[in-house]
Amino acid sequence: MSWIENAWYVAAWDKEVDRAPLARTICGRPVVLYRKLDGGVVAMRDACPHRLLPLSMGMREGDSLRCLYHGLKLGPDGVAEEMPLKSDPVNRSVCAETFTVVEKYRFVWIWIGDKAAADPALIPDLWPCAATGWAFEGDYYPVRCDYRLLIDNLMDLTHETHVHVGSIGQPELLETPIDTRVEGDKVFVTRWMTGVDAPPFWRGALKKDGPVDRWQICEFLLPSAVIIDVGVAPVGAGASIERHDQGVRGFVIDVMTPENEGSTHYFWGMARNFATEDAGFGARFKTQQGGVFMEDVAVLEAQQRSIAANPHLKLRAYSIDEGGVRARQIIERKRREQVHAA
Amino acid sequence: MSWIENAWYVAAWDKEVDRAPLARTICGRPVVLYRKLDGGVVAMRDACPHRLLPLSMGMREGDSLRCLYHGLKLGPDGVAEEMPLKSDPVNRSVCAETFTVVEKYRFVWIWIGDKAAADPALIPDLWPCAATGWAFEGDYYPVRCDYRLLIDNLMDLTHETHVHVGSIGQPELLETPIDTRVEGDKVFVTRWMTGVDAPPFWRGALKKDGPVDRWQICEFLLPSAVIIDVGVAPVGAGASIERHDQGVRGFVIDVMTPENEGSTHYFWGMARNFATEDAGFGARFKTQQGGVFMEDVAVLEAQQRSIAANPHLKLRAYSIDEGGVRARQIIERKRREQVHAA
Amino acid sequence: MSWIENAWYVAAWDKEVDRAPLARTICGRPVVLYRKLDGGVVAMRDACPHRLLPLSMGMREGDSLRCLYHGLKLGPDGVAEEMPLKSDPVNRSVCAETFTVVEKYRFVWIWIGDKAAADPALIPDLWPCAATGWAFEGDYYPVRCDYRLLIDNLMDLTHETHVHVGSIGQPELLETPIDTRVEGDKVFVTRWMTGVDAPPFWRGALKKDGPVDRWQICEFLLPSAVIIDVGVAPVGAGASIERHDQGVRGFVIDVMTPENEGSTHYFWGMARNFATEDAGFGARFKTQQGGVFMEDVAVLEAQQRSIAANPHLKLRAYSIDEGGVRARQIIERKRREQVHAA
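Chains as they are written, first to last, in this note's numbering: chain A, 1 to 342; chain B, 343 to 684; chain C, 685 to 1026.
Take the hints with a grain of salt, since some may be wrong.
To be verified - Among chain A residues calculated to face chain C with C-beta under 10 Å, some are:
#: 1; residue: A130
#: 2; residue: A131
#: 3; residue: A135
#: 4; residue: Y318
Claimed, not checked - Beyond 12 Å from chain B on every Cβ pair, some chain A residues (computed):
#: 5; residue: T25
#: 6; residue: R45
#: 7; residue: C48
#: 8; residue: M57
#: 9; residue: A80
#: 10; residue: P89
#: 11; residue: A96
#: 12; residue: A342
Calculated from the structure, these hints are not laboratory results.
All C-beta atoms in this analysis are idealised placements derived from N, C-alpha and C, irrespective of residue type, glycine included.
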């Protein structure tokens, strides 16, 4: 497989998981998710150990899940609590595989690999999702492409100029040199534009005329997330790479979870320090961002099909691609380490 | 393949086959069926021996079939009677494969294996389809699952409690012990419930209040049929496993013909000894049963997909599954005998 | 592959290719086509050399093409003219594969094989497409079948009797002997019907009652075209196989370009020497011919599926198929010569 097995992946937004079972395939594994009465999240292989019917077609009863087909009842630990025929003694060796889950940063994280290695400290640090004083919007999209094409896309924002010409693109993105650096398992791509016109989105957020400094700082985190620190500040307000809270600022959160080879669950969100009390802004932003992201989906899915249709061609990397290249190298190194260790 | 080759399979309800050619793939073989002027049924490989166009796109002429593409005309024995160019001499070595067919029990049966072994005495005994004094309704559904999943489903009716909770399910199905026994190539699963409430369907049939005895006796027959003797009788009317005509009774007939690996033609019918003159009952029953069966189709097709998505998991069998397990063992034993004999 | 690589194939009608990029897969190669400012046609691998996004999603700028994803700009020679980041020096080793194209006979021809062998003299001689004094109509259809099934279809017009019974079929097609002969890499099938009733289409064209002589002369040309000389003349007007301009005459042009194995771009046209000034006739003819061709598509796609569903059966050839058989032999001989030479 193309992904790291021993890692935390986002299975769902926390708000997506409720009492009713939710089916989602994570890294090739069909999974069913639901909440217990105490709110805790259960994640199980979405196949009844009896006849493999997806458990997500069944019904939650208390903290347990009852299969729709013959009524086998499994506890939140995946172990049988009631056999189909009530007179049959419960066989506790009957069980569904369960997965370790943690709720953090508005997400439900799932560990699909070796359970003993499931250390919550390894959850990628998506702190802006939970920062106080910041408003947050987010959404979910399935995309029929390799998850790494999304990483490439997000670690190189020059594409905004062409793909998102009507919203967040601007020519200066192509004129400003970028700085790419690796720090441990992280990759940073920094673009600092001074004295530019703010594009429509940021002009509206800043509510002030005149030239601005604009920044985009992309940060890749294992196994497959990107945080982008974005914003604008009026020229002369003193914004610097080190400190840039003088204008309006956001953190775009992007998490890519492989569904199968060639398909991805994409979770995006944005934390912002402006219009924080404006629910209307949030709703409009979510809709607008949906439109922007549909432009990306069209590109990414066409790219995936084209890769398949041109098997002798390889992806090439130029200077703008260094962030994506470094991120893929880190994924690949980690993936191989784990395969060899196993 | 997963099926027995030397066996009779239902190709169609007799009423489905008429003068116009009918295309249906049976055990991986594309077949065209039509009736001759004397009403006899012809079954041929559905591919013109000339350029392989499906013969079912062609036209019946008398007892023969003319290919739509170039007009090659084949007799009911599959042998060429007229070449595309009228001046060409008829080449009688040009022929389509034909299949032996027999009409019995309201069905057209086809023998797909070694012709010499096609003994009509081997047709499974579906006598209730043709019993005098019994009314009959039946229908056809294509299902995208392995035919053996349907056998499992029918040999274990505990699933009615959960899957058909609104119609024929009732909790007593889970509380009553079942008896499973093998007699030669047949498997019987017997469930006898005494002093229970009749579920809605049977209450309506009996037209009488008060507790009933209810029975379900499933009988598996090679290569792939299940007859279910079902009904209710008032408590105290004297119904016993040996003799139970004291109330209302039906025979559910289920025939599963493999189309290809992973897809099945499902023919179901019901013979009943009540409301026999009530055409309205028959029509309502057919509609209602269609709804019940759609619940099964949703389950069976999801199960088939789940088996594919969880390749390392195996179907497991509990006490309720013994009927299906035994039926599969008989199929598998017969299949291997034939493969080794061939 | 099933086709000849070193050959000219029709990529598109000339009128189909304009300033906006057109995507079309030719012999397994995704290709983008567009016109330069001087009207010349450019054909390139439809995958950006950078990240493989289809170039056809991009934008033409002057004579160049700019990729939608990151703005890499390629000249009409496929070579990079501008990198995504403007400050990056242009790397002229970055390039998309280009294909040699020639416009001739109303078509854009593409050479997909060894460029050094791309001799325009090898373009099949479809002179009727460009003959003065003849009116012309044509259209394009994608068909999900092997391109050779279309050649078979066109080299044996007996199928018109059955498949096109309502328009151009007539029983005499089956009664008249045909003459098949090979001349070098060409195959001719000639059918000359004397003193027959004209079918509806030709009766309308001739505008004259009484028996006619009708002819169909099919000519196969490498790599995959068929010209059919068709028409009728009043009996006694002196029409002969050698000279038959005494009545109404047309040349049906059929060009089959493999898209992939099992799918074909079909270009058909007709040059006619009657109703040449009647635009209404042309429009009606195109519509009617579309209907006739849909009858062929239904047959050809069913044939393709049937070939797949009956893997142990082979296409067989009778006298009427000699034209198609010879054409396939010539294709296969040429194909092998090229494979061995390579």
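(message) Please check whether the beta-carbon of P89(A) is more than 12 Å away from every beta-carbon in chain B.
(response) Violated, since 10 Å does not exceed 12 Å.
(message) The output says A342(A) does not contact chain B. Does that hold with a beta carbon cutoff of 12 Å?
(response) holds (16 Å)
(request) Mind verifying the non-interface call on C48(A)? Its CB should be farther than 12 Å from each CB in chain B. (result) violated (8 Å)
(message) Would the non-interface assignment of M57(A) survive a Cβ cutoff of 12 Å against chain B?
(response) violated (6 Å)
(message) If I take the minimum Cβ distance from R45(A) to any residue of chain B, is it greater than 12 Å?
(response) violated (7 Å)
(request) Grab the minimum C-beta distance from A135(A) to chain C and call the hint holds if it beats 10 Å, violated otherwise. (result) Where the cut-off is 10 Å and the nearest Cβ of chain C is about 31 Å from A135(A), the hint is violated.
(message) Take the shortest C-beta to C-beta distance between A131(A) and chain C; is it under 10 Å?
(response) violated (32 Å)
(request) Quick one: work out the minimum CB distance from T25(A) to chain B and report holds if it exceeds 12 Å, violated otherwise. (result) Nearest chain B Cβ is 7 Å from T25(A), so the label is violated.
(request) Say whether it holds or is violated: A80(A) keeps its Cβ farther than 12 Å from all Cβ of chain B. (result) Violated: least Cβ distance 10 Å, not greater than 12 Å.
(request) Please verify that hint: Y318(A), Cβ, nearest Cβ of chain C, below 10 Å or not. (result) holds (6 Å)
(message) So, as I understand it, the hint says A130(A) touches chain C; can you test that by seeing if any CB pair is closer than 10 Å?
(response) violated (33 Å)
(request) Decide, holds or violated, for the assertion that all CB atoms of chain B are farther than 12 Å from the CB of A96(A). (result) violated (9 Å)
Checked against the numbered hints above, the structure violates hints 1, 2, 3, 5, 6, 7, 8, 9, 10 and 11; every other hint is satisfied.
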